[in-house]
Amino acid sequence: MEQKRIVAIRTGKTIYRENDKLYKVFEENYKKSDILNEALNHARVEESGLVVPTLHEVGNIDGKWTLVYQYIKGKTLEQLMAKNPDKIDEYLELFVNLQMEIHSKSIPHLNKIKDKIKDRISQCEQLDATTRYELHTHLASMPNHDHVIHGDFNPSNIIISDDDGKVYVVDWAHASQGNSSYDAAMTYLLLQLSGNLTLADKYLDLYCKKTNTLKNYVQSWIPIVAAAKLVTCRKEEAEFLKHALNIYDHE
Amino acid sequence: MEERKIVDSLEALEAEIKKVREAQAKFATYTQEQVDAIFLASAKAANMARIPLAKLAVEETGMGVVEDKVIKNHFASEYIYNAYRHSQTVGVFEEDKEYGIKKLYEPIGLVGAVIPTTNPTSTAIFKTLISLKTRNGIIISPHPRAKKSTIAAAKIVLDAAVKAGAPENIISWIDVPSLDMTTLLMHESDIILATGGPGMVHSAYSSGKPALGVGAGNTPAIIDSSADIVLAVNSIIHSKTFDNGMICASEQSCIVLDDVYDAVKAEFIKRGCYFLNPEETEKVRKTIIINGALNAKIVGQKAHTIAKLAGVDVKEDTKVLIGEVESVDISEEFAHEKLSPVLAMYRAKDFTDAVDKASHLIADGGYGHTSSLYINVIKEQEKINVFQEAMKTCRILINTPSSQGGIGDLYNFKLLPSLTLGCGSWGGNSVSENVGIKHLLNIKTVAERRNNMLWFRAPSKVYIKKGCLPVALRELKEVYNKKRAFIVTDSFLYKNGYTKTIEKCLSEMGIEYATFFDVAPDPTLQCAQEGVKQLSAFQPDVIISIGGGSAMDAGKIMWVLYEHPECDFQDMAMRFSDIRKRVYQFPRMGEKAFFIAIPTSAGTGSEVTPFAVITDATTGTKYPLADYELMPNMAIVDTDLMMSAPKGLTSASGIDAVSHNLEALVSTMATDYTDGLALQSLKMIFEYLPRAYNDGLHDVEAREKMANAATMAGMAFANAFLGVCHSMAHKLGAFHHIAHGVANALMLEEVIAFNSADVPTKMGTFPQYDHPFAKHKYALAADALGLKGKNDDEKVEALIKAVHELKHQIGIKDTIKEYGIDEKNFLDRLDDMVEQAFDDQCTGANPRYPLMSEIKQMYLNAYYGKKGK
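The listed protein sequences derive, respectively, from chains E and L.
Be aware that the first sequence starts at 23, since it is given in the working numbering, and climbs by one per residue.
Be aware that the second sequence starts at 1115, since it is given in the working numbering, and climbs by one per residue.
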């Protein structure tokens, strides 16, 4: 196993590469259902025709659940953006186009985003009962759609292959179906959290323009996205998210 | 009183709903006196508790101003009580014995109420009081941030109500609110009174229950050049600072006309408002709105507190923070609803610009709510009109602080006091006015069956008796003083001298006349238009139409075209189901010319009917016109003109009159008047028609009896209308060119049998026709004809036989087939003919509403003839 090369370590999981395969190894305390759900999501997305790495195996190696994916050799969009700041507009265009392509798909069996967030809000101990009540009300009033939603769509999850130049979208752990503006609000918030506020604003303007969506409508998802993110976020991000949450549903 | 259980779960709520429903069922039996006593006691109790409740609300929510909340509580109890103290909410409130209609109030049942954090106690008082006044039960879903104060207010009202005699549990609430419980409440309620954010209002409307949901405003206030600036500015400050700007009707922006801008600004400053400089404006922008939504921390806070949050230093007692901004687009933070003493101020170059800006601001989030204008109402009504046209808001307030003005009864005493302001369809609401008791009441209407009003119409003069023509015509000079007469007839009659007597009489009286004698059988529009050319050139003041049905119909049409050349026949021929309710208003006739009809055959009755049929020769469309305006002014029935009618005509028009009588007799619109005419006419025809047919040239008595019988039949069906026999005969004529009278004769026996059914597939719809009694009417006809029978069935049978025999006596054949109609042709076109007959104007008054399949069967029977005949 000398060829193993660790690519990334995230909370609860280690990702390493071996030849042309990528191994996502989960810690023992990781919920089995979440792991299997990620595999199932990925398989469904793969079948939809979107360009994604192939899922090869779901297995248990040395008592740890492992998902084995096709390894894509290439650079992430995040890396490219950092390397060629003058091409940022071009990359952003590609980024939004890709997201729109995902939203154009419909996969009926994916989890519904509103169900998912509803659970998250209920479980979020960082929020008081009043805020949870308001968020639940707010969420319930948002329209149900059935677009494919990546759920963690940010430049680090986009890889441009060195081999064939194809653009791959990876990490479908949060994939679900629902309102595409939720996904856009999530991307906006992720970009903000990454520290690049200008890029976040630019992204939102471009997304709204290209999809002919009212900015206010995408923004109305932000408190919900912030609440959904709050459960899994890092401590230093919590303050920022709470600020985004602290809005008043007009009376 | 049993201990109330805490409502903190879906199960507990379900149990509570059951209790409140039981209480409401009792409450629904209360009298007006009982209800009014309860309403008074609870309003009093709420009013007494206004200060502690205000304190509690501010303490719990951390928003607003105690003293202003006292006003709101006072308003919710005193003003609401006063507005409805004398209102009736129980029992019959309207009754009209003549029309047999009454209306009564009923409670709706269970009201599900959502209460906001901005006005928790006052809204709770308001909603519980109007529920009590209307005998409804109510369950409140408070906002978690304001649940203590909301519940406290509801409890005070409940306790007082129960003490005054209301059923226990008539008011209740959710103690530990959650969205699931609110949703359950909405699903289980009979009506939802939702005041709250768009999310809550949305849930209310999604619940599938009737909802009065009321949402956000974004009130713009225009200050016109003509306004009283001191009044305007101080009103806005008064309103904007009220409860720290938390009333949804409150001004969010102020649009000032250029020429008074500086003066307005100076007055704002003088009265303690603070104008933010550009840098401060930017800071406040970022503070009040987060990602396009209102920052919860500023709602209901003092100006000073908000400034501090934004890092702006203002005096402690600053009244309002004002940002001078330009954009009215939603991307401008100041253009939003702010629910705090923060105001946007715009400069408008003229009034149109101001109205445009206001419209845009309303589109930004205040659709349907409230708009406000400060103006000189004496001089500038025109501008007010422009403003009221342009604003998509349900309340448009003039020279009024909008917070206090919008809730009603404070600055205008006809605007209903309410703490729930409807925003109409623009705001996604079901009501567009201030919500009150009428929205919590069901109105029952009790409607007793009444007969439809009927009348009897006939020409004002009908001349009868042999030789009456010259006597009648004398009236043209002596009574009516007519100068110019226009005669309409057909060429046969003209050539055979039928108009001679008329012309002679007219000449003797010195009345000028002209004659049009080109009327063809089944007159066409083109023929009538030709006649009208001459008619219009001649400008008569009397039209005399002489001849059979065709000439009289053509005369009527020319009369219409002469008086109203602009009329469209398509409109005039529009189908109606009640001639008194028809959509088309038939033009008034008789303004240019008097109309006289003189029949030369005994049958059509056109001289006394308000009907005429005309065919457009180019399209083939038949226009059957029917309106009492078409009733001739005078009919002259002179047997002299009928003596030489040929056999075929005598027989066809005579049997036509039989069908008129039999159809008018059984029509759903038949009356005692038309029955009398029809029965007597039938008797005369059965006796004299064979004689007139056999020896018409000499049998004066028979001719005269037939003449009168035909006109009487005309009067009967002019008022009772016809039925499906004529519907079918019309189409037989149109499709296969069978003479009208003969066509009726061919269908007549089928129709008698059809209408006599005791169990018709469908009955005709008319109040007077209350059960299938056509059979009995036919039996009356049999009695009049002296036919024998032990019961109605036998009499109807005898009648059919008598009709059959009469037809034989006057040379009418038994079947359609015998008239040489090709079988294939008949069958090929049968379905079209059936559908058109079904749609014929005459079908409506038939006592049995025919199915198309039944019409088809009658046609087939009439074509082939029945076995055994």
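Fair warning: there could be bad hints in the mix.
[Unchecked claim] Calculated lysine to aspartate or glutamate pairs in the DMTMM-like style (CA-CA distance at most 20 angstroms, straight line):
#1 E:Lys237 <-> L:Glu1446
#2 L:Lys1262 <-> E:Asp42
#3 L:Lys1970 <-> L:Asp1945
[Said to hold, decoys possible] Residues from chain E that keep clear of chain L, each with C-beta distances beyond 12 angstroms, as calculated:
#4 Glu79
#5 Glu100
#6 Asn106
#7 Ser128
#8 Tyr239
Quick caveat, the hints were computed from the structure, so don't treat them as lab data.
Every residue, glycine too, gets a C-beta built ideally from N, C-alpha and C.
List in ascending order the numbers of the hints, as given earlier, that are violated by the structure.
-> 2 and 8
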